[in-house]
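Asks: Here's the letter readout for the chains.
2 protein chains.
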Amino acid sequence: MSKGITTRAEDYSQWYNDLVLKGGLADYSAVRGCMVIKPYGFALWENMQAALDKMFKDTGHQNAYFPLFVPKSFLEKEEGHAEGFAKECAVVTHYRLKANPDKKGTLMVDPESKLDEELIIRPTSEAIIWNTYKDWIQSYRDLPLLINQWANVVRWEMRTRLFLRTAEFLWQEGHTAHATAEEATEEAKRMLEVYATFAEEFMALPVIRGIKSASERFAGAVDTYCIEALMQDGKALQSGTSHFLGQNFAKAFDVKFLTKENQQEYVWATSWGLSTRMIGALVMAHGDDQGLIMPPKLAPIQVVIVPIYKGEESKPVIDAKADEIIKELKAAGIRVKYDNNDNARPGWKFAEYELKGVPVRLALGLRDLENNVVELARRDTREKQPVSIAGLSGYIEKLLKEIQQQLFNNALKYREDHITPVNSWHEFVKTLNEKGGFVSAHWDGTSETEAEIKEKTKATIRCIPLNNAPEEGKCILSGKPSKERVLFALAY
Amino acid sequence: MSKGITTRAEDYSQWYNDLVLKGGLADYSAVRGCMVIKPYGFALWENMQAALDKMFKDTGHQNAYFPLFVPKSFLEKEEGHAEGFAKECAVVTHYRLKANPDKKGTLMVDPESKLDEELIIRPTSEAIIWNTYKDWIQSYRDLPLLINQWANVVRWEMRTRLFLRTAEFLWQEGHTAHATAEEATEEAKRMLEVYATFAEEFMALPVIRGIKSASERFAGAVDTYCIEALMQDGKALQSGTSHFLGQNFAKAFDVKFLTKENQQEYVWATSWGLSTRMIGALVMAHGDDQGLIMPPKLAPIQVVIVPIYKGEESKPVIDAKADEIIKELKAAGIRVKYDNNDNARPGWKFAEYELKGVPVRLALGLRDLENNVVELARRDTREKQPVSIAGLSGYIEKLLKEIQQQLFNNALKYREDHITPVNSWHEFVKTLNEKGGFVSAHWDGTSETEAEIKEKTKATIRCIPLNNAPEEGKCILSGKPSKERVLFALAY
Numbered sequence: 001m002s003k004g005i006t007t008r009a010e011d012y013s014q015w016y017n018d019l020v021l022k023g024g025l026a027d028y029s030a031v032r033g034c035m036v037i038k039p040y041g042f043a044l045w046e047n048m049q050a051a052l053d054k055m056f057k058d059t060g061h062q063n064a065y066f067p068l069f070v071p072k073s074f075l076e077k078e079e080g081h082a083e084g085f086a087k088e089c090a091v092v093t094h095y096r097l098k099a100n101p102d103k104k105g106t107l108m109v110d111p112e113s114k115l116d117e118e119l120i121i122r123p124t125s126e127a128i129i130w131n132t133y134k135d136w137i138q139s140y141r142d143l144p145l146l147i148n149q150w151a152n153v154v155r156w157e158m159r160t161r162l163f164l165r166t167a168e169f170l171w172q173e174g175h176t177a178h179a180t181a182e183e184a185t186e187e188a189k190r191m192l193e194v195y196a197t198f199a200e201e202f203m204a205l206p207v208i209r210g211i212k213s214a215s216e217r218f219a220g221a222v223d224t225y226c227i228e229a230l231m232q233d234g235k236a237l238q239s240g241t242s243h244f245l246g247q248n249f250a251k252a253f254d255v256k257f258l259t260k261e262n263q264q265e266y267v268w269a270t271s272w273g274l275s276t277r278m279i280g281a282l283v284m285a286h287g288d289d290q291g292l293i294m295p296p297k298l299a300p301i302q303v304v305i306v307p308i309y310k311g312e313e314s315k316p317v318i319d320a321k322a323d324e325i326i327k328e329l330k331a332a333g334i335r336v337k338y339d340n341n342d343n344a345r346p347g348w349k350f351a352e353y354e355l356k357g358v359p360v361r362l363a364l365g366l367r368d369l370e371n372n373v374v375e376l377a378r379r380d381t382r383e384k385q386p387v388s389i390a391g392l393s394g395y396i397e398k399l400l401k402e403i404q405q406q407l408f409n410n411a412l413k414y415r416e417d418h419i420t421p422v423n424s425w426h427e428f429v430k431t432l433n434e435k436g437g438f439v440s441a442h443w444d445g446t447s448e449t450e451a452e453i454k455e456k457t458k459a460t461i462r463c464i465p466l467n468n469a470p471e472e473g474k475c476i477l478s479g480k481p482s483k484e485r486v487l488f489a490l491a492y
Numbered sequence: 493m494s495k496g497i498t499t500r501a502e503d504y505s506q507w508y509n510d511l512v513l514k515g516g517l518a519d520y521s522a523v524r525g526c527m528v529i530k531p532y533g534f535a536l537w538e539n540m541q542a543a544l545d546k547m548f549k550d551t552g553h554q555n556a557y558f559p560l561f562v563p564k565s566f567l568e569k570e571e572g573h574a575e576g577f578a579k580e581c582a583v584v585t586h587y588r589l590k591a592n593p594d595k596k597g598t599l600m601v602d603p604e605s606k607l608d609e610e611l612i613i614r615p616t617s618e619a620i621i622w623n624t625y626k627d628w629i630q631s632y633r634d635l636p637l638l639i640n641q642w643a644n645v646v647r648w649e650m651r652t653r654l655f656l657r658t659a660e661f662l663w664q665e666g667h668t669a670h671a672t673a674e675e676a677t678e679e680a681k682r683m684l685e686v687y688a689t690f691a692e693e694f695m696a697l698p699v700i701r702g703i704k705s706a707s708e709r710f711a712g713a714v715d716t717y718c719i720e721a722l723m724q725d726g727k728a729l730q731s732g733t734s735h736f737l738g739q740n741f742a743k744a745f746d747v748k749f750l751t752k753e754n755q756q757e758y759v760w761a762t763s764w765g766l767s768t769r770m771i772g773a774l775v776m777a778h779g780d781d782q783g784l785i786m787p788p789k790l791a792p793i794q795v796v797i798v799p800i801y802k803g804e805e806s807k808p809v810i811d812a813k814a815d816e817i818i819k820e821l822k823a824a825g826i827r828v829k830y831d832n833n834d835n836a837r838p839g840w841k842f843a844e845y846e847l848k849g850v851p852v853r854l855a856l857g858l859r860d861l862e863n864n865v866v867e868l869a870r871r872d873t874r875e876k877q878p879v880s881i882a883g884l885s886g887y888i889e890k891l892l893k894e895i896q897q898q899l900f901n902n903a904l905k906y907r908e909d910h911i912t913p914v915n916s917w918h919e920f921v922k923t924l925n926e927k928g929g930f931v932s933a934h935w936d937g938t939s940e941t942e943a944e945i946k947e948k949t950k951a952t953i954r955c956i957p958l959n960n961a962p963e964e965g966k967c968i969l970s971g972k973p974s975k976e977r978v979l980f981a982l983a984y
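Respectively, the protein sequence lines represent chains R and F.
Note that this note's numbering numbers the first sequence so that position 392 is 392, with each residue one more than the last.
Note that this note's numbering numbers the second sequence so that position 321 is 813, with each residue one more than the last.
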């Protein structure tokens with residue numbers, strides 16, 4: 001019944017691709033670097049969106065929609081921003097095709113349709129949004145402006161991987177405007193905490209809240225806050241970032257407001273984003289050699305029911321019982337699927353839903369039903385046991401919570417076991433190479449040392465944890481004095 | 493308290509723009525032909541999406557996501573499709589910018605980043621999706637494939653209008669694959685009925701279900717079904733289309749399946765779409781000279797509460813009562829907003845929410861509260877009356893239903909009054925010019941006559957109504973025999 005999944009030990013990277021492709025989350029597309037998100041993967045994304053969207057609205061944000069296109073001259077306006085994104089921009093230069101006179105049945109770009117100014121497909125929307133905010137903000141009464149957008153963006157990456165790094169991806173991007181630096185900083189931190197809560201409570205993914213070093217900052221930001229998660233291969237994955245943009249974009253787009261004291265001042269800004277990349281994190285954090293493991297809160301299917309027919313006459317009996325159970329589970333708000341497809345055998349279905357990571361499976365056989373029990377299998381532990389049909393929905397509700405918590409606990413334990421403090425360069429390199437995970441080490445605070453460490457080991461500073469304990473020490477590479485440890489890791 | 497709305501009689505087109513812009517639905521953007529959907533407009537779209545998405549899922553469809561980009565060679569594969577969309581395509585030709593050496597601080601397209609094959613921003617996704625379906629469909633077991641996508645698309649229109657015709661717009665596009673022509677036709681009709689139900693039950697917009705004439709068909713379709721609505725200026729607006737695509741795309745992309753009888757056959761297809769254009773229809777169908785009128789089922793705010801403070805000491809009393817009422821309304825599932833903003837006076841707020849089309853307004857004054865009543869104003873009729881606070885939520889629930897029905901009835905009456913049967917060319921032209929609306933007339937069934945009518949009058953055949961009564965007659969232009977009447981109109 002194997003679905004031909006490569007094991008993690010054999011080839012971690014191939015294991016990941018197998019889970020995404022064979023688990024039905026996504027597919028390669030004919031367009032370089034772009035993927036197709038398949039129905040099962042998109043249902044997962046919809047559940048993620050619903051949870052996040054509610055948290056955004058509960059913290060006072062509203063959704064809006066801004067154009068896909070950014071005029072080239074807008075991208076130029078904030079220098080750091082332009083530098084950061086120019087190298088990976090899809091550029092629209094023409095707006096019409098015409099029949100190719102030299103080759104019947106084919107089309108060519110109509111040279112007469114050349115645009116006066118090229119349009120960039122948004123890699124992120126600060127430029128187009130701040131150009132709009134200029135018209136929306138006049139006085140302190142218009143602030144704060146708390147807006148989010150769900151959108152597709154394009155960054156022309158050279159090496160792509162399903163979900164983790166694709167040329168086009170889906171995300172949300174919040175863009176807020178404030179009267180003071182304090183308020184904007186608070187907002188950036190508030191939204192980081194929303195991301196952390198989402199990761200931990202919905203994705204069962206423990207994260208470290210931190211701040212980026214200067215060289216890892218978002219292009220155009222004053223400060224970049226981030227949440228960092230650890231994957232099973234010991235590599236870190238940046239899982240959401242929240243930026244304090246200072247007045248950089250307000251100055252670039254000339255967005256001023258009249259203060260209560262009747263002064264013209266530049267507006268303070270934040271932006272924050274979380275993308276379909278998180279699906280990759282979910283796959284890698286929880287999956288095993290049998291396939292995906294979905295955290296119950298986000299699972300598109302929480303319970304799958306597989307009938308074990310024995311002859312035609314058993315069908316109506318089992319189907320009727322299944323109907324009852326489905327009604328009861330649905331009434332309890334549980335997402336349930338009944339797979340009575342005649343084209344596949346139970347064993348094939350068992351393996352299929354294990355691969356898809358459905359948290360709970362119920363098998364309905366005639367003898368079990370006579371005894372008023374069903375066979376229940378947990379995806380995470382793969383334990384099977386008979387469970388009484390009486391009170392089944394209550395049992396499953398409790399079990400789904402338990403599984404959610406267990407997945408978080410497992411990931412947390414792994415993460416805690418993989419934060420290693422080191423005090424020398426030798427230890428640092430050895431830990432990176434042999435153990436992986438986060439390496440907690442002193443650093444002299446310079447971009448030069450950071451770059452040298454990256455060059456020598458490929459490790460980057462994932463973050464300086466928030467509420468880091470101050471500690472005197474010496475930089476592992478330069479030996480210069482340091483006041484706190486930072487977290488290094490190899491990263492996705 | 494006027495908000496400076498142009499009246500319909502003065503200038504219908506400007507009235508429409510005023511409602512969209514001043515009502516807070518959308519804004520012009522700096523990108524030619526693209527708009528910004530503002531939070532209030534986007535909240536409306538979210539409600540429309542939620543209603544439609546539920547109907548799609550209830551009819552067995554799943555959401556997925558396909559790439560934004562369509563390689564040029566894919567667009568070429570279906571000849572009619574290519575012809576229909578080639579003239580309005582945004583074309584990506586390069587994937588990188590670089591610093592412009594001739595002008596410090598600016599960027600230029602890096603000529604070395606030219607793509608081997610140009611990418612089109614999807615104007616619709618048949619091409620990229622059918623190229624994918626080729627990998628997903630092998631046998632009859634894989635059918636039907638029922639997929640929907642929520643996405644942005646780009647059609648480079650020369651003359652644009654907010655919501656009605658924009659270069660980029662948001663929509664959903666369903667793409668389904670079937671084993672037989674009958675099944676696909678059924679699907680196309682089923683989804684047309686979903687659109688009609690949505691329009692009538694949620695948007696309070698009566699629509700005519702029909703089929704397009706050959707020259708008005710979707711590029712690549714065998715049959716195009718449509719719903720057509722009538723606006724207050726007597727012009728028609730196409731409000732959703734559902735296409736039976738035959739085997740055109742299956743043949744273009746070589747998508748075959750193994751039948752139960754072990755034969756290789758081409759797959760049958762449908763596609764169907766509904767867009768943010770519908771927001772324009774909603775504005776024009778229900779709005780009046782005071783502003784928008786939102787149908788309660790889709791209204792972002794169903795009830796707005798405005799406190800009428802009289803001195804500081806009245807505030808806590810009124811606020812406390814408002815709190816109670818809000819709790820009660822929310823518990824009944826009513827979307828309510830309390831506007832206790834100190835910066836604006838009640839009269840300004842009244843006009844503001846009239847402009848925004850909020851169905852019900854409650855004014856809370858001290859004396860009213862002492863008498864246990866609130867002043868309730870209906871947006872559609874602009875009637876005001878005192879209503880007892882006891883049982884308020886029940887009263888409002890009923891009232892919202894009544895308003896929804898009333899808006900539909902009004903629009904239906906207008907529509908019925910504006911379907912005019914005519915039997916001569918003279919009558920036809922006179923009706924179009926003087927009365928507007930749908931003109932029901934005989935037509936000889938040829939594209940030549942249809943084109944000549946359009947040239948002479950600008951009127952197009954909106955549709956041949958489904959279940960049209962057969963009737964012998966003579967074409968109003970050519971005098972040739974005709975077997976049924978069709979509906980002509982000037983259209984958006």
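Fair warning: there could be bad hints in the mix.
Stated by the list, open to error - Facing chain F, from chain R, some residues (calculated, C-beta under 7 Å): (1) 29; (2) 36; (3) 42; (4) 60; (5) 62; (6) 63; (7) 72; (8) 89; (9) 93; (10) 131; (11) 141; (12) 144; (13) 160; (14) 189.
Please keep in mind that the hints were generated in silico from the structure rather than gathered at the bench.
Predicted, not measured: the structure shown is a model, and the values here were computed from it.
Heads up, the beta-carbon is just placed ideally off N, CA and C, and yes, glycines get one too.
Asks: Run every hint past the structure and note whether it holds.
Replies: Verification of the hints:
| no. | hint | result |
| --- | --- | --- |
| 1 | 29 | holds (5 Å) |
| 2 | 36 | holds (5 Å) |
| 3 | 42 | holds (5 Å) |
| 4 | 60 | violated (11 Å) |
| 5 | 62 | holds (4 Å) |
| 6 | 63 | holds (5 Å) |
| 7 | 72 | holds (6 Å) |
| 8 | 89 | holds (5 Å) |
| 9 | 93 | holds (5 Å) |
| 10 | 131 | holds (5 Å) |
| 11 | 141 | holds (6 Å) |
| 12 | 144 | violated (13 Å) |
| 13 | 160 | violated (12 Å) |
| 14 | 189 | violated (23 Å) |
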